[in-house]
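Chemist: Please build the complete structure, drawing on both the sequences and the hints.
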Amino acid sequence: MSELASRAWRLDVTDDIAALTLDVPSQSANTLSATVLDELEQLLIQLEAEPLRGLMILSAKRAGFIAGADIREFEHIDDAAHATELAQRGQRVFARLAGLPFPSVAVVHGYCLGGGLELALACTYRVARDDGSTRLGLPEVRLGINPGFGGTVRLPPLVGVLPALDMMLSGRTVAARAARRIGLVDDAVPERHLRRAAIQLLRRRAARRRAPWLQRLLATAPLRPMVVKLLTRKLAAKANPDHYPAPYRILDLWARRANEDEEAASLGELLVSRTSRNLVHIFLLGERAKRAARTEPHQIEYVHVIGAGVMGADIALWAAHRGFRVSLQDQRPEILARAMKRAHDFYTKKHKDPRAVQETMDRLMPDLAGNGLRRADLVIEAIVEKLEPKRSLLGELERKVRPGTLIATNTSSIRIEDIASALSDPTRFVGLHFFNPVPKMQLVEIVRGAQSGETALARARAFTLALDRFPLDVKSSPGFLVNRILMPYLIEAVVMVEEGISPAHIDESARAFGMPMGPVELADTVGLDICLSVAEELAGPLNTPVPEALRRKVTDGKLGKKSGEGFYRWDVKGGSHGSSGAASSEAPVTERLVLRLLNEAVACLREGVVTHPDAVDLGMVYGTGFAPYLGGPMRYVAGLGETGVAHSLYRLAQEYGTRFSPDPGWSQPELFRPEVPT
Amino acid sequence: MKRVFFVDGARTPYLKARGEPGPFSASDLAVACGRALLARQPFAPSVLDEVIVGCVIPAPDEANIARIIALRLGCGKQVPAYSVQRNCASGMQAIASAAERIALGQAQLVLAGGTEAMSRAPIQWNMAMVGWLAGMMRAKTLPARLGALTRFRLRNLSPVYTLLLGLTDPIVKLNMGQTAEVLANRFGISREAQDAYALQSHQRLAAAFDAGALADEVELLYDSRGNSYHEDTGLRRDTSLEQLTRLKPVFDRKYGSVTSGNSSQVTDGAALLLLASEEAVREHGLPVLGEWRGHEWAGVDPSQMGLGPVHAVAKLLTRHRVAMRDLVQMELNEAFAAQVLACQAAWDSAEYTRDELKLDQPLGHMDPSALNPEGGAVACGHPVGSSGARIVLHILRALRRKGGGLGMATLCIGGGQGGALLVESMVSV
Chain A
793 MSELASRAWR
803 LDVTDDIAAL
813 TLDVPSQSAN
823 TLSATVLDEL
833 EQLLIQLEAE
843 PLRGLMILSA
853 KRAGFIAGAD
863 IREFEHIDDA
873 AHATELAQRG
883 QRVFARLAGL
893 PFPSVAVVHG
903 YCLGGGLELA
913 LACTYRVARD
923 DGSTRLGLPE
933 VRLGINPGFG
943 GTVRLPPLVG
953 VLPALDMMLS
963 GRTVAARAAR
973 RIGLVDDAVP
983 ERHLRRAAIQ
993 LLRRRAARRR
1003 APWLQRLLAT
1013 APLRPMVVKL
1023 LTRKLAAKAN
1033 PDHYPAPYRI
1043 LDLWARRANE
1053 DEEAASLGEL
1063 LVSRTSRNLV
1073 HIFLLGERAK
1083 RAARTEPHQI
1093 EYVHVIGAGV
1103 MGADIALWAA
1113 HRGFRVSLQD
1123 QRPEILARAM
1133 KRAHDFYTKK
1143 HKDPRAVQET
1153 MDRLMPDLAG
1163 NGLRRADLVI
1173 EAIVEKLEPK
1183 RSLLGELERK
1193 VRPGTLIATN
1203 TSSIRIEDIA
1213 SALSDPTRFV
1223 GLHFFNPVPK
1233 MQLVEIVRGA
1243 QSGETALARA
1253 RAFTLALDRF
1263 PLDVKSSPGF
1273 LVNRILMPYL
1283 IEAVVMVEEG
1293 ISPAHIDESA
1303 RAFGMPMGPV
1313 ELADTVGLDI
1323 CLSVAEELAG
1333 PLNTPVPEAL
1343 RRKVTDGKLG
1353 KKSGEGFYRW
1363 DVKGGSHGSS
1373 GAASSEAPVT
1383 ERLVLRLLNE
1393 AVACLREGVV
1403 THPDAVDLGM
1413 VYGTGFAPYL
1423 GGPMRYVAGL
1433 GETGVAHSLY
1443 RLAQEYGTRF
1453 SPDPGWSQPE
1463 LFRPEVPT
Chain B
2 MKRVFFVDGA
12 RTPYLKARGE
22 PGPFSASDLA
32 VACGRALLAR
42 QPFAPSVLDE
52 VIVGCVIPAP
62 DEANIARIIA
72 LRLGCGKQVP
82 AYSVQRNCAS
92 GMQAIASAAE
102 RIALGQAQLV
112 LAGGTEAMSR
122 APIQWNMAMV
132 GWLAGMMRAK
142 TLPARLGALT
152 RFRLRNLSPV
162 YTLLLGLTDP
172 IVKLNMGQTA
182 EVLANRFGIS
192 REAQDAYALQ
202 SHQRLAAAFD
212 AGALADEVEL
222 LYDSRGNSYH
232 EDTGLRRDTS
242 LEQLTRLKPV
252 FDRKYGSVTS
262 GNSSQVTDGA
272 ALLLLASEEA
282 VREHGLPVLG
292 EWRGHEWAGV
302 DPSQMGLGPV
312 HAVAKLLTRH
322 RVAMRDLVQM
332 ELNEAFAAQV
342 LACQAAWDSA
352 EYTRDELKLD
362 QPLGHMDPSA
372 LNPEGGAVAC
382 GHPVGSSGAR
392 IVLHILRALR
402 RKGGGLGMAT
412 LCIGGGQGGA
422 LLVESMVSV
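Top to bottom, those sequences are chains A and B.
For the first sequence, this note's numbering gives the first residue as 793, with consecutive numbering after it.
For the second sequence, this note's numbering gives the first residue as 2, with consecutive numbering after it.
Calculated directly from the structure, the hints in this document are not laboratory data.
Given the structure is predicted, the values throughout are model-derived calculations rather than measurements.
Here are the simulated lysine to any residue pairs, SDA-like style, with alpha carbons at most 20 Å apart:
| # | chain 1 | residue 1 | chain 2 | residue 2 |
| --- | --- | --- | --- | --- |
| 1 | A | LYS1133 | B | LEU221 |
| 2 | A | LYS1192 | B | ARG41 |
| 3 | A | LYS1133 | B | PRO22 |
Pair by pair, the computed Cβ-Cβ distance ranges are:
| # | chain 1 | residue 1 | chain 2 | residue 2 | range |
| --- | --- | --- | --- | --- | --- |
| 4 | A | ALA855 | B | HIS285 | 31 to 41 Å |
| 5 | B | ARG326 | A | GLU1093 | 47 to 57 Å |
| 6 | A | GLU1246 | B | HIS285 | 31 to 41 Å |
| 7 | B | MET128 | A | GLN1234 | 55 to 65 Å |
| 8 | A | SER820 | B | GLN79 | 24 to 34 Å |
| 9 | A | PRO1146 | B | HIS285 | 31 to 41 Å |
| 10 | A | PRO817 | B | PRO61 | 47 to 57 Å |
| 11 | B | GLN79 | A | GLN1123 | 35 to 45 Å |
Even glycine gets a Cβ: it sits at the ideal position worked out from N, Cα and C.
Modeler: Encoded structure:
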């Protein structure tokens, strides 16, 4: 057989079975670039003519099968027709694969996402390696688009409409066994049987998978509109169609029994839409942050966390969950006992397998005596938020840890330098600022004190990455980035409550803007006492007075969700009940909330808390859930134009006071368009 | 022979069985105290040469429990591990085996001890049921299955309590409590003496906890429900002679004197020690808790298994030319108050010395104030696989507190044996 020159694919033929192995050069994971698809097409043309029994498609990468399309290519497409063409080209290649005169099988391990899964769907069969790392899914919706290589057409008949739409609308991935259960793969087997299972499917010419009859029934003409209606209603509770059109589009494609051309056309339109551009922007910011964190190995196996309050306990349980050996120290056994219960509950929810729970619990040691200190490669301090106790603790522990041990604080408001001076080697000291709840929030601020060494910072970033979190470099300054930007927004909400505007209305406005939770509810959830202490901490440096309403609530013991009442009344289950105040008002609620946030973001840029507007976007989207479809605060400003925003601020300052005075940064264009990329 | 040192050790609080499976499996208990113990060492767990653990009734999914414990402790796949079983002396056997390996120069650092979750002892189908189930499995056709079904008998459902079987001698068909009754009768130990001894055990253990004398020995234990355990839960600070007197005998119900109050308790717990060679002590700069001087095992009549220590101690003292009065302290596991008192009586008895020990002079009893001065199994419980390790750990800590000297840890062993281990605590190596 003649060999075609292919850089990404390797063709081997054993007996009458061909194997195409994808190994995209100089990448750790396979992606489907235009070149990879072209090469595949050429190879398929060549194979079509061969008298083969079957074709296997495999990946040579340890990370997985195929992670999807090369998303970096998306940024360079600004013409819908061009995008549609690209989708059609992929569809053409996959149609050729599906039309081979002999069966084909995708041999899947690790990530099999987006275009990768669509390639597997074009094969006759699919087998998946049965282990924890295998994940199959169509996450396109998270980038604001629909699957474009035939996925919307091929998936529903294979697994049935409900599982298919669930996967495509949520973007969630499934594990190997779940994939077998819904019929997405023909078999899920351990590594040792993977190839054998694939070959057997080809030799036996097994029957193709088909959705169960009930699912096929749902797809019939009389029932289809009902399914659509039901799913539209469910969708509406989760995503605003004006902000996130893609899931509605996917549902519509199915409702209309759209063909591949319509799928491609829809993709083209969505890909150049504002929402998709912004979601891709955010996605790539995250990827870049991860790449930047890979410069140095973290060299951390053992983590010692001091302080088993909610933050310390959650950091410890998450680190153990991610494979680190962890000791958790506190002065009080009952606090440790509570933390261990919390960890056990969390792991039990995460793992079905009791052995997996036990294994993780075994990595997490409650440590009243602090014995873990001398073993630790990283010590994270998460004790009470007061300078003196932190200083004396760190000064004392430094004598016990090994010379190479990295020391970090989870402080959210104290200057790193003030704590660092208690250490004899302050270069190894950084801030690792986690967000509450740690298992949910994807961001960690890497706080650089003036004294922090580069190696220490690089190790902290790499550790954050190993925790599956995005590291964000910030300068040590009051509130760092995220809390500082969020605080004026929260305070403005309280001021509006003081003015008599109803909390429900304020929250509704914020949600309509695209925030995941309204500011008043957020304050109640975080705890008003915590809000107050952060507000007081920042009041001086940021020149923002603390609203009386907040102080009064705390004095009255109304601390929010945890005490049963804050600005809302909370029942035991966590549901909220309205509180007094005007039902609606003419006040520009959204504008006041958002502009204060934007003004503070620009102040942070001007002061160099972060050095690039992209960093603000990364922090606010992953740290607070700031409207992802807008791409983050700075991306939003870029869309509006900074002069316009500054003008609006000026206008609000006239009406509501100097807290709206535009930050001097608004008149420094270089802040918005720095020459160096992130 | 090389010298063998004890460098550190830890145990869990002992948790009294409450008639239902306790919160921890045997390996959970060993891991809980073992990881605290290993965390405070200057070497990594992977440096260990071997892990040896005694356990009498591991759960069905804990085959070779020592290996499971080693892996769960993060020792790594390359550290070998084996389990030992010598009934009540399993934990002491593990330490003895470790000491022998080091003495022979075959190992430098060994983690050894014992663990037991008596509350989780399995309850099994009886043999009739097992036979019936096998018949059901064999029957392939419908008539054959129906036929097999008809052979079911209700008595098939009567369960086998492995704990009760484990506590009954299969040769002489006496349960352990009855062997204590035999000793009480032979040495004329009254119910009052037994109860008084039991009360003293609780008082001594309570005093030891209150004085913090066990703080460096007992590691806190945390379950998955938000509870932490600080003390042995069998300890009854409020017990009194009146209360103990009111209890009815449980083994020989009509005429007996051994009650649940003057017997050791069914308990869950683990104890582990680190043993090291002289080289390992130097290489890692380890603190020395004490030195292993030797151990002995002895066999006695299974129906008087409680006298095992009398013989094991006699052999060990004779071999080392040490007199009873040279011992600073003795830990004699309190399987039963009657049994401890019987051992004391036997050491004093000229007749017993001549006929059974084949010695000229009685060894004499151990000074009662230096015998289990911090209480024993009557108060803290007797998780069978673990106790042998606990008394070694405790005597080492106690000697250290008293400024060094010779100490003896000894226990009786179901089936008619005794084990004894001699240690010496020094001010420096």
